[in-house]
Amino acid sequence: MNRFASLFAALDQSTRTTDKVAALVAYFYEADPEDRLWTVALFSGRRPRRAVTTTELRNWAADAARLPLWLVEESYPVVGDLAETIALILPPPDTRSERSLSEWMAFLQDLSGQPESVRKSAILDAWAQLDTSQRFLFNKLVTGGFRVGVSQKLMTRALAQATGRSEAELAHRLMGDWSPDTTSWEALIEADDAGADASRPYPFCLAYPLEGDPGDLGPPQEWRAEWKWDGIRGQLILREGLHFVWSRGEELMTDRFPELARSVDFLPPGTVIDGEILAWDGGAPLPFAALQRRIGRRNVPKKLLTEAPVILLAYDLLEWQGKDLRALPFSERRGLLDRLLHNLPPEAPVRPSPLVAFQGWQELATLRADARNRRAEGLMLKRAGSPYHAGRRKGDWWKWKLDPHTVDAVMIYAQAGHGRRATLYTDFTFAVWDGDALVPFAKAYSGLTDAEFREITTWVRANTLQRFGPVRQVRPELVFEIAFEGIQQSPRHKSGIALRFPRMLRWRRDKPAAEANRLEDLKRLLDATKS
Amino acid sequence: MARRPVLEFTDRGIHCPAGGFHVDPWRPVDRAVITHGHADHARSGHARYLATAGSAPILRQRLGDIVLDTLRYGETRQIGDARVSFHPAGHVPGSAQIRVEVAGEVWVVSGDYKLQADGLSEPFEPVRCHAFVTESTFGLPVFRWPDPAQVAQELNGWWRDSIASGRTPVLGAYALGKAQRVLSMLDPGIGPILTHGAIETSTEVLRRQGCRLPQTFAVMPDAQPRPDPGALVIAPPAALGSAWMRRFGPVSTGFASGWMMLRGIRRRRAMDRGFVLSDHADWPGLNLAIGETGAEKIFVTHGYTDIFAQWLRSRGIDADVVTTEYAGDEAQQE
Ligand SMILES: [Zn+2]
Ligand SMILES: [Zn+2]
Chain A
238 MNRFASLFAA
248 LDQSTRTTDK
258 VAALVAYFYE
268 ADPEDRLWTV
278 ALFSGRRPRR
288 AVTTTELRNW
298 AADAARLPLW
308 LVEESYPVVG
318 DLAETIALIL
328 PPPDTRSERS
338 LSEWMAFLQD
348 LSGQPESVRK
358 SAILDAWAQL
368 DTSQRFLFNK
378 LVTGGFRVGV
388 SQKLMTRALA
398 QATGRSEAEL
408 AHRLMGDWSP
418 DTTSWEALIE
428 ADDAGADASR
438 PYPFCLAYPL
448 EGDPGDLGPP
458 QEWRAEWKWD
468 GIRGQLILRE
478 GLHFVWSRGE
488 ELMTDRFPEL
498 ARSVDFLPPG
508 TVIDGEILAW
518 DGGAPLPFAA
528 LQRRIGRRNV
538 PKKLLTEAPV
548 ILLAYDLLEW
558 QGKDLRALPF
568 SERRGLLDRL
578 LHNLPPEAPV
588 RPSPLVAFQG
598 WQELATLRAD
608 ARNRRAEGLM
618 LKRAGSPYHA
628 GRRKGDWWKW
638 KLDPHTVDAV
648 MIYAQAGHGR
658 RATLYTDFTF
668 AVWDGDALVP
678 FAKAYSGLTD
688 AEFREITTWV
698 RANTLQRFGP
708 VRQVRPELVF
718 EIAFEGIQQS
728 PRHKSGIALR
738 FPRMLRWRRD
748 KPAAEANRLE
758 DLKRLLDATK
768 S
Chain B
340 MARRPVLEFT
350 DRGIHCPAGG
360 FHVDPWRPVD
370 RAVITHGHAD
380 HARSGHARYL
390 ATAGSAPILR
400 QRLGDIVLDT
410 LRYGETRQIG
420 DARVSFHPAG
430 HVPGSAQIRV
440 EVAGEVWVVS
450 GDYKLQADGL
460 SEPFEPVRCH
470 AFVTESTFGL
480 PVFRWPDPAQ
490 VAQELNGWWR
500 DSIASGRTPV
510 LGAYALGKAQ
520 RVLSMLDPGI
530 GPILTHGAIE
540 TSTEVLRRQG
550 CRLPQTFAVM
560 PDAQPRPDPG
570 ALVIAPPAAL
580 GSAWMRRFGP
590 VSTGFASGWM
600 MLRGIRRRRA
610 MDRGFVLSDH
620 ADWPGLNLAI
630 GETGAEKIFV
640 THGYTDIFAQ
650 WLRSRGIDAD
660 VVTTEYAGDE
670 AQQE
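Protein chains in written order, with this note's numbering: chain A, 238 to 768; chain B, 340 to 673.
Some hints could be false.
Claimed, not checked - Here are some of the chain A residues that sit facing chain B, going by a computed Cβ distance under 10 angstroms:
| no. | residue |
| --- | --- |
| 1 | ASP249 |
| 2 | SER312 |
| 3 | SER337 |
Said to hold, decoys possible - Not the full set, but computed from the structure, chain B residues with beta-carbon under 7 angstroms of chain A:
| no. | residue |
| --- | --- |
| 4 | GLU464 |
| 5 | PRO480 |
| 6 | VAL481 |
| 7 | ARG612 |
| 8 | ILE646 |
| 9 | TRP650 |
Hints in this document: simulated from the structure, not taken from any laboratory.
Don't be surprised by glycine CBs; every beta carbon is placed ideally from N, CA and C.
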């Protein structure tokens with residue numbers, strides 16, 4: 238664990254990307270293959286099964302530190318992280334452990350399913366031989382919430398430098414359904430038949446938001462446009478008579494969308510399609526709310542299958558006849574895709590997402606203004622000659638979204654943030670007027686500068702009306718402009734509405750609370766989007 | 340008839356009715372008895388001041404021409420019906436706890452204190468008392484200071500690494516106390532030590548009263564754009580990230596504070612390095628100090644007051660929270 242702890246310290250201490258990559262490269266050179274494999278697994282979001290609940294962990298830590306549980310609970314919001322809180326309150330270790338990362342992982346896996354007394358004494362024993370920084374990592378591994386501020390992209394870059402393989406190849410190798418129990422460093426990174434896994438998806442090509450004017454992108458004929466749908470980005474893989482559906486978050490979603498199983502009846506094996514999963518009414522997408530009912534459901538009831546059936550609107554063809562097409566220009570891939578899909582019967586669960594034809598940028602801007610009526614979020618712009626990149630790369634793909642809706646709202650509750658923001662009030666609940674009353678309708682925690690959060694934190698401390706645990710009810714005085722992407726009906730909320738992606742656009746110091754928006758305004762917006 | 344307590348907590352500060360004075364008052368009073376020179380404890384505008392001889396130079400430097408009387412540690416002064424004396428608090432050079440005795444009843448106001456010896460401040464001295472007014476800046480069990488020798492190693496290691504990577508290390512530290520403590524931990528063999536004007540001023544005052552500190556070079560406002568490549572710079576927290584820093588070219592920033600114990604705060608300050616170094620008592624320190632006073636009654640002031648008082652009560656100690664307007668040094672930096 239020592240070497241892994243020093244890697245973590247190096248990553249945690251450096252604010253510069255080059256330093257982080259250098260630390261990772263050094264680690265990949267030095268560490269044992271088992272440790273390297275676990276490190277790659279952890280940094281790519283693969284977590285071991287949880288052997289201990291956080292409640293157990295708190296209780297055991299309080300016991301070990303001889304502190305009342307309430308004091309541990311009170312310390313947690315100050316630290317902002319449970320693993321760290323526990324690492325800090327425990328008495329200093331009495332021995333030192335030489336166990337490696339992979340040995341600790343095996344230790345944790347063995348705990349799973351054991352009776353509480355066995356797990357407790359094992360964890361207490363582990364704590365007694367780890368120093369504070371090692372304990373922190375150990376607790377992170379136990380609770381499974383391991384985030385280190387190293388993106389998968391950064392890790393892949395370091396892996397590329399350490400192994401001499403290309404980033405794109407490594408990104409591809411790291412995708413899919415593997416864990417350190419099912420593979421080895423050799424098989425995952427170095428073996429030649431790494432593509433053998435039939436379910437393995439390609440890394441998604443991601444777009445940056447277009448901030449400026451599309452005119453700056455050059456001649457329009459070098460570009461293709463398509464609608465940016467408000468669904469779930471997915472990859473449909475047809476290989477060896479099987480089908481797999483992956484989300485952009487590398488989650489296997491095959492069972493959640495049984496409609497897509499029929500794609501094997503219409504498309505040959507050796508086909509991989511990038512597209513958007515949407516709830517579909519036969520001719521057009523249903524509102525996102527319909528799809529939302531399907532998200533998170535592993536078993537879909539029949540009723541829901543008829544009320545919110547899904548299809549895949551295809552954007553791109555990544556593999557055809559078993560061959561990786563990603564290096565081909567977009568226009569060629571798109572041509573193949575259209576040929577593949579254009580004659581399919583209406584019951585096929587895959588359709589091409591239409592290209593939006595345009596002559597000039599001005600014309601395209603006019604078309605974009607109509608996106609909301611088509612239930613799209615805006616347009617995607619793709620360079621006709623561009624390959625399908627692995628990950629986010631500036632220059633070839635842009636998302637050109639509609640400007641968000643906004644509403645001016647009054648802050649009524651504030652809560653401290655987590656981690657980096659544990660000492661600041663950053664999570665706010667907002668309300669609009671309904672008659673003389675303020676009804677909460679949205680929560681937001683992003684969009685302001687740290688300086689603004691600091692100022693608001695001071696204000697919150699001085700203007701608290703009531704405290705409910707970590708939440709403070711504040712004087713309803715501050716007004717913020719809240720931006721959001723969509724609005725929908727929600728019986729679960731007091732206001733009867735729910736917003737998609739709400740965030741603070743700016744602090745309206747110029748507006749008194751009385752001039753904030755009213756619930757009627759939001760209802761009007763809701764009606765407008767429904768029709 | 341019920342006697343008035345030895346000390347009362349008023350909206351001007353901690354008041355001694357028997358002696359007619361206030362301890363570290365935050366609004367103007369006739370007679371102020373001062374624990375130490377930090378801005379939130381020693382404010383301007385009082386008619387008369389009483390402090391330790393060791394605090395006097397910094398008080399004069401900060402507050403200007405004040406009417407100031409001084410006592411040595413342990414020396415007693417009768418003020419009205421109260422006997423007042425100062426006892427080392429170990430917080431910064433010259434800092435004191437204030438012992439007030441009225442008709443045999445002893446109350447002690449801790450001011451800010453730490454138990455760790457720092458080699459500069461007079462070491463903390465426990466004082467037996469009936470009631471103890473304690474700070475609680477770091478009154479949570481997550482605060483447990485590392486060995487200062489280890490922190491010194493980290494500091495000097497960072498200095499060397501920064502030079503090796505072509506960066507100037509710039510360390511943020513509170514101007515009075517922390518900056519000089521850092522100075523005393525640095526290895527002047529590595530290179531020259533440059534200081535921001537605000538730090539040089541306090542350092543000079545402490546040097547003149549006998550603190551042995553390595554040589555420093557003040558960075559003048561119009562100094563040359565790139566100093567000696569092997570130098571380390573000490574600056575007050577507010578100067579970090581300001582235009583003032585541009586003259587040093589590529590920098591590595593560090594910050595020395597007890598708050599650097601917490602990863603979230605370290606990351607939020609966006610410093611390259613955090614060094615856990617505090618002039619306040621940590622959790623074991625607070626508990627040890629309170630135990631050693633033998634006090635039957637504890638008043639908890641600035642810091643995690645509610646939680647710390649509740650903890651003391653859960654241990655069978657009679658403890659209450661007192662609201663004060665101290666928000667200083669390390670507390671303020673967060
Ligand atoms: Zn102080
Ligand atoms: Zn203080």
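message = Of all the hints numbered above, which does this structure not satisfy? Sort the numbers upward.
response = 3 and 4
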